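Please put together the full structure from these sequences, using the hints given.
Listed here are the chains, written in short residue letters.
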Amino acid sequence: MEIFGVPGALLGSQLLVGLINGSFYAILSLGLAIIFGLLNIINFSHGAQYMMGAFVAWIALNKLGVNYWVALLFAPIVIGALGVVIERTMLRKLYKLDHLYGLLLTFGLALIFEGVFRDQYGISGQSYPVPELLQGGVNIGFMFLPIYRAWVVVAALTVCFATWFIIEKTKLGAYLRAGTENPQMVQALGINVPLLITFTYGFGVALAAFAGVLAAPIYQVSPLMGSNLIIVVFAVVVIGGMGSIMGSILTGLGLGLIEGLTRVFYPEASAVVVFVIMVIVLLVRPAGLFGKA
Amino acid sequence: MNNPNSMFARALPILFGVLFLIGLVAPFAVYPTFLMKILCFGLFACAFNLLLGFAGLLSFGHAAFLGSAGYVCGMLVRDVGVTPEVGIIGGTLAAGALGWLFGMLAIRRTGIYFAMITLALSQMVYFVVLQWKATGGEDGLQGVPRGHLFGIIDLSDNIAMYYLVFAVFCIGFFIIYRAIHSPFGQILKAIRENEPRAMSLGYDVAKFKLLAFVLSAALAGMAGATKTLVFQLASLTDVHWHTSGEVVLMTLLGGLGTVLGPLVGAATIVSLQTELADSVGSWVTVIMGVIFVVCVLLFRRGIVGELQALIHRAGIR
Numbered sequence: 015m016e017i018f019g020v021p022g023a024l025l026g027s028q029l030l031v032g033l034i035n036g037s038f039y040a041i042l043s044l045g046l047a048i049i050f051g052l053l054n055i056i057n058f059s060h061g062a063q064y065m066m067g068a069f070v071a072w073i074a075l076n077k078l079g080v081n082y083w084v085a086l087l088f089a090p091i092v093i094g095a096l097g098v099v100i101e102r103t104m105l106r107k108l109y110k111l112d113h114l115y116g117l118l119l120t121f122g123l124a125l126i127f128e129g130v131f132r133d134q135y136g137i138s139g140q141s142y143p144v145p146e147l148l149q150g151g152v153n154i155g156f157m158f159l160p161i162y163r164a165w166v167v168v169a170a171l172t173v174c175f176a177t178w179f180i181i182e183k184t185k186l187g188a189y190l191r192a193g194t195e196n197p198q199m200v201q202a203l204g205i206n207v208p209l210l211i212t213f214t215y216g217f218g219v220a221l222a223a224f225a226g227v228l229a230a231p232i233y234q235v236s237p238l239m240g241s242n243l244i245i246v247v248f249a250v251v252v253i254g255g256m257g258s259i260m261g262s263i264l265t266g267l268g269l270g271l272i273e274g275l276t277r278v279f280y281p282e283a284s285a286v287v288v289f290v291i292m293v294i295v296l297l298v299r300p301a302g303l304f305g306k307a
Numbered sequence: 016m017n018n019p020n021s022m023f024a025r026a027l028p029i030l031f032g033v034l035f036l037i038g039l040v041a042p043f044a045v046y047p048t049f050l051m052k053i054l055c056f057g058l059f060a061c062a063f064n065l066l067l068g069f070a071g072l073l074s075f076g077h078a079a080f081l082g083s084a085g086y087v088c089g090m091l092v093r094d095v096g097v098t099p100e101v102g103i104i105g106g107t108l109a110a111g112a113l114g115w116l117f118g119m120l121a122i123r124r125t126g127i128y129f130a131m132i133t134l135a136l137s138q139m140v141y142f143v144v145l146q147w148k149a150t151g152g153e154d155g156l157q158g159v160p161r162g163h164l165f166g167i168i169d170l171s172d173n174i175a176m177y178y179l180v181f182a183v184f185c186i187g188f189f190i191i192y193r194a195i196h197s198p199f200g201q202i203l204k205a206i207r208e209n210e211p212r213a214m215s216l217g218y219d220v221a222k223f224k225l226l227a228f229v230l231s232a233a234l235a236g237m238a239g240a241t242k243t244l245v246f247q248l249a250s251l252t253d254v255h256w257h258t259s260g261e262v263v264l265m266t267l268l269g270g271l272g273t274v275l276g277p278l279v280g281a282a283t284i285v286s287l288q289t290e291l292a293d294s295v296g297s298w299v300t301v302i303m304g305v306i307f308v309v310c311v312l313l314f315r316r317g318i319v320g321e322l323q324a325l326i327h328r329a330g331i332r
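Protein chains in written order, with the working numbering: chain X, 15 to 307; chain B, 16 to 332.
Derived from the structure by calculation, the hints contain no laboratory data. One or more of the hints may lead you astray.
[As the list claims (entries may be wrong)] A few chain X residues that don't get close to chain B, going by computed Cβ distances all over 12 Å:
{"#": "1", "residue": "I56"}
{"#": "2", "residue": "V144"}
{"#": "3", "residue": "I180"}
{"#": "4", "residue": "V246"}
{"#": "5", "residue": "L264"}
[Stated by the list, open to error] Pairs of lysine-lysine, DSBU-like flavour, derived with a Cα cap of 30 Å:
{"#": "6", "chain 1": "X", "residue 1": "K107", "chain 2": "X", "residue 2": "K185"}
{"#": "7", "chain 1": "X", "residue 1": "K183", "chain 2": "X", "residue 2": "K77"}
{"#": "8", "chain 1": "X", "residue 1": "K107", "chain 2": "B", "residue 2": "K222"}
{"#": "9", "chain 1": "B", "residue 1": "K222", "chain 2": "B", "residue 2": "K204"}
{"#": "10", "chain 1": "X", "residue 1": "K110", "chain 2": "B", "residue 2": "K204"}
Note that the coordinates shown come from a computational prediction; the quantities given were computed from them, not determined experimentally. All C-beta atoms, glycine included, are put in the ideal place defined by N, C-alpha and C.
Here is the structure:
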């Protein structure tokens with residue numbers, strides 16, 4: 015079967031890769047958006063925290079014999095707890111300053127995390143086996159669908175929509191949204207805003223670590239896996255604007271798919287297509303697709 | 016005259032004079048290549064500081080200007096066969112043009128978005144350099160000849176090369192110094208402090224931001240082009256975001272918005288890297304990260320900023 019002169023299997027598999035990348039963009043940009051909403055900082059160490067999530071899973075498996083499913087829960091908790099410590103001891107001191115200092119601090123942290131892991135594990139990647147339950151694949155007519163990859167998309171989207179649900183439909187989410195709009199007022203109403211901020215940063219970081227564990231069996235677990243990804247995610251955030259949760263999810267997925275299609279039709283441009291789209295969006299709609307001017 | 020600021024202003028020409036003399040004799044005391052590296056990164060950081068320290072715009076993509084100018088200069092000198100000064104001018108102009116493109120896009124957003132846009136655009140430049148055949152991909156542009164300045168002076172001599180780098184640095188530094196102390200510089204500061212106010216006073220804020228961006232990019236390019244001649248190499252590292260982060264660190268450590276801070280910061284970081292490269296290996300990145308964190312948390316005025324504050328306090332007393 016051919017579509018636009020391209021074998022269906024090739025198109026299908028690249029779209030799947032695109033969908034997977036898009037799922038990672040969605041989770042990561044979602045985390046950035048949540049953190050930005052309440053803390054007003056861009057978490058530059060988001061990529062490093064994603065990388066550390068993958069490494070926690072890898073170390074847990076190889077040193078402690080802890081399996082994938084436990085790691086999927088365990089790694090976000092560990093990295094999220096580390097995030098809580100970072101917020102309490104460092105980020106907290108910067109809220110009264112220019113927002114750029116938050117970016118610079120987290121950039122420094124990203125360098126530290128990346129450097130430590132590079133010293134321990136070198137730059138070559140470590141492989142993480144696909145869990146037994148999700149090995150193999152199914153033939154869905156026009157292409158072969160590896161089960162693990164399908165699982166990644168399903169798991170990532172489930173987490174994204176669960177996050178959307180918490181923020182838009184629950185009481186905790188209402189506090190969070192109110193805190194984004196007017197923290198002083200929320201504090202005056204008797205809600206512990208500093209605690210809410212700490213929790214939010216920890217949660218955003220935990221999302222990154224969760225994405226890292228999901229990514230471990232697909233990509234090589236390497237110290238640099240996060241830094242290259244995060245710059246693309248920044249472009250995604252610029253394109254989508256950080257104003258809306260659903261906007262982050264849709265933009266992430268959409269751009270992943272577009273990137274996948276580019277890989278089929280014009281592979282040379284696949285590394286830059288997201289940046290090109292960012293340029294176009296800046297020219298046409300500077301506030302971003304879902305952004306408030 | 017007890018006003019410490021005016022005392023400081025009167026002392027500044029003397030300080031510059033002393034530094035200039037030190038710069039003239041330095042290559043006879045210290046390894047010239049090391050000095051040239053400091054001067055190139057010093058100019059790069061000064062150019063960056065013009066944007067962040069005075070216009071308040073954080074560009075996280077300045078490596079793109081350093082690197083692309085290096086590649087343009089390298090290709091001009093090696094493949095076209097022009098003389099080194101033409102190579103430097105060509106690289107500077109190319110970086111300025113790229114800066115105009117980046118600036119046009121980035122000034123559409125402010126604050127954190129500005130930083131992310133410049134970072135993303137510079138990453139695009141990185142991929143282009145990586146994939147394009149003419150730039151040598153992962154190997155970079157190797158074997159760039161230093162050539163003869165104006166077709167006469169042989170630059171393969173390190174001392175001759177040093178004086179060219181020193182001259183380039185002085186020209187760049189003078190341009191930045193003049194820009195900061197001109198009405199243009201004052202307007203940039205006004206925009207940094209209160210953009211709506213500057214706008215209501217009738218200044219075309221976007222135009223001034225763009226001008227500052229182009230100037231900063233061109234001067235960063237001048238540093239990059241010169242650096243390519245010094246090391247006879249334009250490498251992927253020069254366009255990588257790590258380099259963009261490094262220049263932020265140099266400026267922050269030396270003193271944001273101070274005239275000499277970026278040079279001091281560049282000298283400190285380059286010395287540290289040279290010193291540490293052999294002993295600690297890959298821990299250099301970690302140490303850079305720690306300096307970043309310490310600067311942001313405890314040392315936001317930077318080395319020169321702290322010194323100025325000290326002098327200021329002593330003057331008041």
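Of all the hints numbered above, which does this structure not satisfy? Sort the numbers upward.
1, 4, 7, 8
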